[in-house]
Amino acid sequence: MTEPDRSAPPGGALSLASPPTAPAPAAEAPPAARRRRGRRSQRAVRDGRVAYLFLAPWIVGMVVVTIWPIAASLYLSFTDYSLLRAPRWVGLDNFAEMLGDERLVSALGVTFTYVVVSVPLQLALALALAMLLDRGVRGLPFYRSVYYLPSLLAGSVSIAILWRQMFGTDGLFNDFLALFGVQGIGWVSHPDFALGTLVVLNVWTFGAPMVIFLAGLRQIPVMYYEAATVDGAGRWARFRHITIPLLTPIIFFNLVLQTIGAFQTFTQAFVVSGGTGGPSDATLFYTLYLYERGFGSFDMGYASALAWLLLVIVAALTGLNFLLAKRWVFYGD
Amino acid sequence: MTDTVLATQAVREESPPRRGGGRNPLRHALLIALGVVMIYPLLWMLSSSVKPTEIIFRDPSLWPSSFDLGNYVEGWTALGAPFHQYLLNSAIIAVGCIVGNLLSCSLAAYAFARLEFRGRKLMFAAMLVTIMLPIHVLIVPQYVLFSQLDWINTFLPLIVPKFLATDAFFIFLMVQFIRTLPIELDEAARIDGCGHFRIYWRIIMPLCTPALATTAVFTFIWSWNDFFSQLIFLTDQDLYTVPVALRSFVDGQGATSWGPLFAMSIVGLAPIFGFFLAGQRYLTQGIATTGIK
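In order, the protein sequences belong to chains V and U. Quick note: to get the working numbering, add 110 to the position in the first sequence (first position is 1). Quick note: to get the working numbering, add 2 to the position in the second sequence (first position is 1).
If you're looking for bench data, these hints aren't it; they were derived computationally from the structure. Think of the CB as a built atom: it goes at the ideal place given N, C-alpha and C, for glycine as much as any other residue. There's no promise every hint is true.
What the simulated footprint calls covered on chain V by chain U, stretch by stretch (three residues with Cβ under 8 Å from a Cβ of chain U suffice, anywhere in the stretch; the number is not a length) [said to hold, decoys possible]: (1) 175-182; (2) 229-243; (3) 257-269; (4) 272-279; (5) 341-353; (6) 379-386.
With the Cβ distance kept under 8 Å, some of the chain U side facing chain V (calculated, not the full set) [unchecked claim]: (7) Ser106; (8) Glu118; (9) Val139; (10) Ile161; (11) Phe165; (12) Leu166; (13) Ser267.
Let the hints inform the model, and build the full structure from the sequences given.
See the structure below:
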């Protein structure tokens, strides 16, 4: 995707954005093609000027709100900075501190556990429900809406408050257990279960990937199934050898997005734990720790180092996902 | 990403013919049971919000034995400012974000979808990468920047970036949509003497209404639910938005007043639910295109 744009005029008048592209192949082209290319480049030059006008807000945003902050946080990560005084260069001190930071270790542990447990559960449920809803279920729009609604609400503080009550000592969940004569505990305040309640919350949002699976399932031609049935394939064989292979691109797409999303969990953990990441750092998500260091104690230098580590982790995970994808994602012959 | 283009088209198509099992009662029982489990907590919160606090925990049933709006009255005034102040603050931010996203993202999308210019592939790739960039990576230097501009405790850090097309999801969404529109329309308009801005405004934008609606609905829900950046940029009580106000409510009152807390939580959820009902079609289309939630 990063190769130079071949449709741009070769060495043309515009050099606003990028250095000159590869040498023009136009010299070898027959005269007719060259004339056509010439006319097209004129249009392209006009287009180009207008295009940068259309893109002006985006370019400004990209530079000021995205690229500059990334660069600035790299610089700040080598400093001691509390906003009140100018940043003081401390070299690798922040990174050295990270190596011995036990809370960072818990934050990484909590976040990875959450991602590794909740994303597969959520996607499995999403796929199962998409299979159940696919083709021929009456009232499909209704079911789809009901399952999808939680995905929209789950990020809100209101739902986090509900969760905090539901899995509290007097909560709805324990009322439910009491029906079976089981005496529940305060799930959100128990170090072994607090993270589990947040996993449940993430699984509750399976509706969003489910809608994507449903759209993907509709792309699979019915005749594949019909042919397989004629050849004597059972339900499981059809699922295993038609649905799954043809759906792998969608599974992959959902996996990447939900992994990145799960890595950024903040609101729910913050509200459920009262802003502490407790009990005993059991819900100290990475973002929560970053917030605490950056905006609780105004350790902007250390927080920047944390932000960079997060960037590296997310990039590495996404890269790993793409690498592994070559082994299992099927893009057709 | 090309698969998601297919996904959008799929959503627009009618569903393929049924293949039996459409009325399988077992399957419906399963689907309904799961739906009930998923929605029960929401209904329970709604019904608890009209129960007196002392019976909320004794009464897990959905239908309240007594109906009482006292929690709403109490919750409305429980914080420093009346709750409509927070609703208004959230609404101002949401409207600002919607206008910003609609304008800036559609401008960028027109360029990416319809114009040829140097560096297009590179910029498009950069745009796609920013979709996956966590806000947490940028927040510290952004905070430094905005505090130097003296924008902390104003709505500007929350709204101005939207006018700079920082929500790249929507650029992507609109690019996908514009690419499905026939290019002959542009060419006809060009022959009639239209410039690019007029083609954009008079031809492409009106045809993009579904994509614009998806953008508006998602922008509303995201900005209404957004907690992280509002928590950081707004520390003045009078500027609190609904999520920040609810959080200070829950931390201030602890577990003593679930009734008013639930009542205000319901008030906070109601606009999202409204947008969900009104914009369902656009939501499912949008999510099938870009996988957002």
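Each hint, compared with the structure:
Judged by the Cβ-Cβ criterion of 8 Å, the region 175-182 of chain V is covered by chain U as claimed, because 6 of its residues qualify and three suffice. With 3 residues having a beta carbon nearer than 8 Å to a beta carbon of chain U, the region 229-243 of chain V meets the requirement of three or more and the stated coverage holds. Residues of the region 257-269 of chain V lying with their CB closer than 8 Å to a CB of chain U number 12, which satisfies the three-residue condition for coverage. Given a C-beta distance limit of less than 8 Å, the hint that chain U covers the region 272-279 of chain V holds, as 5 residues qualify and 3 suffice.
Counting residues of the region 341-353 of chain V whose C-beta lies closer than 8 Å to any C-beta of chain U gives 0; at least three are required, and the coverage claim is violated. A count of 4 residues in the region 379-386 of chain V with a Cβ less than 8 Å from any Cβ of chain U is obtained; the coverage claim is therefore met, three being the minimum. With a cut of 8 Å, the hint placing serine 106(U) at the interface with chain V holds, because the nearest CB-to-CB distance is about 4 Å. For glutamate 118(U), the interface hint holds, since its Cβ comes within 8 Å of a Cβ in chain V; the closest pair sits about 4 Å apart.
At a threshold of 8 Å, the smallest CB-CB gap from valine 139(U) to chain V is about 5 Å, leaving the interface hint in force. Proximity of isoleucine 161(U) to chain V is violated relative to the hint, the smallest CB-CB distance being about 12 Å (cut-off 8 Å). Using the Cβ-Cβ criterion of 8 Å, the hint placing phenylalanine 165(U) at the interface with chain V is satisfied: the shortest such distance is roughly 6 Å. Against a cut-off of 8 Å between C-beta atoms, the interface hint on leucine 166(U) holds, since the closest Cβ of chain V lies about 3 Å away.
Using the Cβ-Cβ criterion of 8 Å, the hint placing serine 267(U) at the interface with chain V is satisfied: the shortest such distance is roughly 4 Å.
Checked against the numbered hints given earlier, this structure breaks hints 5 and 10; the rest are met.
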